[in-house]
Amino acid sequence: MTETRTFAHRWTLLLTMALAVPHPAVGEEQAAAGRFITVSVVGTDTTRKSGIPQPDKAARITVSLRDPASGFAMGGVGVAAWIVPDDGQSCEDWYARVGRVGELPANVIPLLGFDIVQATQDHRLALVDPLLDLASANIRSVTTLPAPIKAWSVAADGQTLAIIDAATGAFSLIEPASGSVHPVALPAPVHALASDDKGFWAGLDNGQVLAISPDGTLAPVLPLGQSPVMIIPAPLAEPVALSADGHARRLGSAEGPAITFPGPVRGGAIAPLANSLFALSEDGQHLYVTDLDNPETSARIALGFPADRIAANPSGRWIALADKAGATIAILDTQTMRVRWTIAMPDPVVEMTFSDAFLYLMHRHQGGVTRVIFDPDGSAPGLAAIAAGVASDEPQTAGPLPRLVRIPAGGVLVASNRERRAYIVSESGAQAAMAMVPLRAGLTAGVVIRQRGMLPGATRGTYTGRFTAPAAGSYKAIIRTDAPEMLQCQNFTVGSPSPRQIATAKPAQPASGAMSATVEGNAIRIRLSGGVVSASRAMLMHPGGGWRQFLTPDKTGTDVILPMPQPLPPPGPYQLYVEVTRADGASETLNTTLDWKGPQS
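The sequence shown runs -27 to -1, 1 to 574 under mature numbering (1 follows the signal peptide of the UniProt record, and there is no 0).
Keep in mind that a hint or two might mislead.
[To be verified] Between beta-carbon pairs, the in silico distance windows are:
#1 Pro546 to Ser114: 24 to 34 Å
#2 Ala364 to Gly415: 15 to 25 Å
#3 Ser352 to Gly415: 38 to 48 Å
#4 Ile274 to Ser151: 42 to 52 Å
#5 Gly351 to Ala79: 52 to 62 Å
#6 Asp170 to Ser489: 46 to 56 Å
#7 Asp256 to Ala161: 19 to 29 Å
#8 Glu458 to Ala79: 25 to 35 Å
[To be verified] Derived DSBU-like pairs (lysine-lysine); straight-line CA-CA distance at most 30 Å:
#9 Lys171 to Lys30
#10 Lys123 to Lys297
#11 Lys171 to Lys123
To be clear, the hints were calculated from the coordinates, so they are not data collected in a lab. Every residue gets a Cβ at the ideal spot worked out from N, C-alpha and C, and that includes glycine.
Produce the entire structure from the sequences given, and follow the hints as far as they go.
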């Protein structure tokens, strides 16, 4: 059964933007009138021919969107999804429960936004939810790593993380949500990693390339060269394998011909729109460029300084190069195949990365980042300092793992080796909005984005996501789109449940502490129990997340008064988060719903 509703009110997806007004592609067919959203849910367990999702096994949801006005496929649309038990409630009632609240009901699986995976300097891996920012409430799991790591990559569906041991080059798979670690034996140590829609690509020290599925299955080895292999990723193209001795090949479904450069190389970048591969010579003085489908079409570009690092924007229009000291940044325009600008950096650059729209630079001393804005017709790029961090005499250093990473369609994530926090720098035109996320697990060695939402599919107008249902039963997929705003639900079954068996999750472990809260006048009285001895601070938040205020307890102990903030918030339901200390000295965060009636006389 399928239910469809349209809404007139405005709603914005977390950290996503409606990027495009739909226009038909050449030769694209129109759908039948009235068919605007199509939803399918299938299991990914290839041993079952039925395709029915199974409990505790990954399932794939695919949403196809068509413009209600024209019937053509819609790309660049914000899509959110929630997987809920099918308990007989209507689509509209379920969306009212999950679409605009800060805390979801039990047994709801949200498919929107992202998590932050943080590697700490004491060799732990934390899964951080950026929506929650009080004490340890935003840490969803912490895993102790067997050893320091030198490289990592997240599978396209966000369910699996591949890591490389810094000392041995050993390969392991981690499920960030559960913290389970699965070593996978490979024929040689791994030098570099990247991911695509099917899993991971590993570049080996012996000049070979290996495809690895998220469950650890190995594909046949692909020989490339005689030196360690780099895997060059690109958001809008399939990855390319590049060996240090100058051999390259495109990977994936569109595997191209073998490429050989004139000499050894130290790095590379892909320009998808030009279908070209750029490789930086070993001495950094030249940039080799070749067509991925016609390797005989190649050129050499003199740089005029010894470049050490290379990065390209998603389309490949701009390529940034930096010297080893980080004192010089050169910008190559791939349309003209020449260096357009060279920028001197008094504060050395330790990391650089492109978002969807801009180049970001992280400096040794400056707090935050510098945004570089390109004007193809301008005489020089614009530079803007963004205070995503604090300045310090302690130098910021580069490590094997990045601390400045792109958020697809959302900006960049900035972390520092000297702060226990990260900053989400989002983009809207030339403006920057910023949010701070505490990283309570420890000082940061590296961060990476783990998508948990719906991502654009290979075909225009399709969006895909993955989830794991906790039990057999009847479920409902709630789909919400932005611009145009539409709501639709699709019922489906997991496993082989009895008729109308409502899906129930495994029982959650009870919290070690307990709290009750009541409003007394213009203050909140909280009573703590369950081994909790004191409260240190609290936060009152509107369920939609648009208003929040920290509160300071007026005394310690288990019977605490929290004065309401001034000016008083409007009446309505609020979420109250309280940071508490247990008798054993450990901290945790308790929360409850508070119904604020307004000022009391």
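Checklist entry - Range hint 15 to 25 Å: satisfied by the CB atoms of Ala364 and Gly415? => result holds, 22 Å
Next on the checklist: Need the status of pair Lys171, Lys123: alpha-carbon distance at most 30 Å?
Outcome noted: holds, 23 Å
Next on the checklist: Between the alpha carbons of Lys171 and Lys30, is the straight-line distance 30 Å or under?
Outcome noted: holds, 16 Å
Item to check | Whether the CB-CB distance between Asp256 and Ala161 falls inside 19 to 29 Å | outcome: Taking Cβ atoms as reference, Asp256 and Ala161 lie about 27 Å apart, which means the hint holds.
Checklist entry - Does the hinted range 24 to 34 Å hold for Pro546 and Ser114 at CB? => result Since the Cβ atoms of Pro546 and Ser114 sit about 29 Å apart, the hinted range of 24 to 34 Å holds.
Next on the checklist: A range of 52 to 62 Å was offered for this pair. Does it hold for the Cβ distance of Gly351 and Ala79?
Outcome noted: This hint holds: roughly 54 Å between Cβ atoms.
Checklist entry - Taking 38 to 48 Å as the hint, is the beta-carbon distance of Ser352 and Gly415 inside that range? => result Holds: the Cβ-Cβ distance is about 45 Å, inside 38 to 48 Å.
Checklist entry - Would you say the C-beta atoms of Asp170 and Ser489 sit inside 46 to 56 Å of each other? => result About 48 Å separates the Cβ atoms of Asp170 and Ser489, which means 46 to 56 Å holds.
Item to check | Cβ separation of Glu458 and Ala79, checked against the hinted range 25 to 35 Å | outcome: holds, 27 Å
Checklist entry - For the pair Ile274 and Ser151, does the Cβ-Cβ distance stay inside 42 to 52 Å? => result holds, 47 Å
Next on the checklist: What's the verdict on Lys123 and Lys297, does the C-alpha distance respect the 30 Å limit or exceed it?
Outcome noted: Holds, at about 19 Å.
In terms of the numbered hints stated before, the structure departs from none.
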